[in-house]
Amino acid sequence: MKFAKDNFQRNGALIIVEGVDGSGKSTQVQLIGRWLESQGFSTVFTEWKSALQLKPMFKKIWKEDIRINPYVFSYALAADFYQRMEKIVIPALKIGQIVISDRWAFTGIIRDTSRGLDRETVENIYQYAIKPDVALYYDVPPEVAVKRKTNVPRYYESGSDLGLPYDRQKNFEVFEGKQIETYRKLAGEGLITLVDGNAPITLVSPKSRNIVKNLFKKRFGVII
Amino acid sequence: MEDTKIVDEYAKRAVEKLKMKKEGNLIVFEGIDGSGKTTQVRMLVEYLQSRGIDVVFTDWASSANIGKYIQTMRKDKIEVVPRTFSLLHAAEFAERLENLILPALSAGKTVVCDRYVYTAIARDSALGVDEDYVKEIYKLAPKEDLLLYFDVPPKMALERLIKRAIKENTAKQTTKKGKKGKVAGTISPAGTIAGTVAGTIAAKIGKLDEKEKASWTDYATMYGYMKDVFKTEKDEEAYYAFVAKVVEKYKTVTGENNAVVIDGKIPADFIKTQIMSVVNKKIFKAE
Chain X
1 MKFAKDNFQR NGALIIVEGV DGSGKSTQVQ LIGRWLESQG FSTVFTEWKS
51 ALQLKPMFKK IWKEDIRINP YVFSYALAAD FYQRMEKIVI PALKIGQIVI
101 SDRWAFTGII RDTSRGLDRE TVENIYQYAI KPDVALYYDV PPEVAVKRKT
151 NVPRYYESGS DLGLPYDRQK NFEVFEGKQI ETYRKLAGEG LITLVDGNAP
201 ITLVSPKSRN IVKNLFKKRF GVII
Chain F
1 MEDTKIVDEY AKRAVEKLKM KKEGNLIVFE GIDGSGKTTQ VRMLVEYLQS
51 RGIDVVFTDW ASSANIGKYI QTMRKDKIEV VPRTFSLLHA AEFAERLENL
101 ILPALSAGKT VVCDRYVYTA IARDSALGVD EDYVKEIYKL APKEDLLLYF
151 DVPPKMALER LIKRAIKENT AKQTTKKGKK GKVAGTISPA GTIAGTVAGT
201 IAAKIGKLDE KEKASWTDYA TMYGYMKDVF KTEKDEEAYY AFVAKVVEKY
251 KTVTGENNAV VIDGKIPADF IKTQIMSVVN KKIFKAE
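Residue numbers (the UniProt record's numbering), protein chains in the order written: chain X, 1 to 224; chain F, 1 to 287.
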């Protein structure tokens, strides 16, 4: 996957996290954010499918389990991604903030290819995504991710929109398995840094912090 | 992980559905708002129906979920960055493709589209989105059998929109007491000019009493309305510059796709005859 060259001055840094539901990434992202704030950095947080301008549209579709086909799904979420990238991420990077993003274009690749789009097609859609300074991928075996999930899986997160033949729970299990398989492939290609998420939170956090520490040393010459 | 194969299998099926075989005919109308194409689309649909042809009409940005939301965005003036605008319309198109266009075409029906991919190419690229990017996200669109491009000077198109809005609103408001309205803001290039003009005129007419209304409907006062559409001269310039870009791209891309160019300046009845003859010749292969 190729990223777009910055057409702005990147004074801040972009830290992104990836992983399936139940990988623990959202907990990690919170901890990283708090830690950086405590070190005196100004942080900005953004997450997948959260652009204010499109929220009512997604809310309706997700709440009512309205089926949209894989292309509609892909384009709509890419629309959301670019709105946030242009209006939240890039302005923050320009003024030197640390942007922490829960999911990045990799989520598009993972989910859209799991829904049958060619990887090339999805990479083309996300060709204008800028490159993260750090991309952390929290890897857990499918059975662990599934076990961490306590509520009944939703329509889209279980891939039920594809018409998978089982109940929500079983659909979720196979769909998570598919996504983990692809995530590991991306990690193998060096696009995302695999962090073993299959351990208690307190043991996973230092791993995340070390990677971020290296970034700050390399990029800003600061030891934190 | 053997289980993941089942995901691949179902995913493939979901995507293959969008590559259905086309049996029926696809007729596409393109042109800027006010070029006269919508009037002609209606007349052609009626004509085809009168000949006993099973015809399905479809409008731009009209799908059940994404289309509906695009309409809300227009109404509420929610603005997004050009690429988001472009992808959202591609999403809308993909939704309509699966739910309306493809089922009709594969059942052998004739589909008539008021705007098609050329609208996206012309408009999005005028907004600064790379043309190849737009073409790529519309790659699922089946190739039309007949493309009609309505050519009309932008100023004339705008005059028509104003006239239409005046007509519709004075007719509507005489039966009801007009609501006091505010004159709408300036035109956002990406929104529909038709919608903005209609809103502005409706607001303006809503403010007039019955007697005033009667005298405000003549052609000459239209130029007064025209001033209301644009807040400043700069807005007016920006609008025409944008439309010029759209028209230029429209001409190139419809030209490359063998469009039949319709002179939108001539009276609607002449155009109707012309279109009927083109359709009969190109679609129904009649002499």
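Treat the hints loosely; a few may be bogus.
A few chain F residues that face chain X, going by a derived Cβ cut-off under 7 Å, partial list only [to be verified]:
#1 Ile53
#2 Val55
#3 Leu87
#4 Leu88
#5 Pro153
#6 Thr170
The hints are simulated quantities; they were obtained by calculation from the structure and are not laboratory data.
Note that the Cβ used here is the ideal one computed from N, Cα and C, for glycine as well.
Verification of the supplied hints:
1. Ile53: Since chain X brings no Cβ nearer than about 28 Å to Ile53/F, farther than 7 Å, the hint is violated.
2. Val55: Given a least distance of 24 Å, the restraint on Val55/F is violated.
3. Leu87: holds (4 Å)
4. Leu88: Cβ of Leu88/F sits 5 Å from chain X, so the hint holds.
5. Pro153: violated (33 Å)
6. Thr170: Hint violated; Thr170/F Cβ to chain X Cβ min 34 Å, cut 7 Å.
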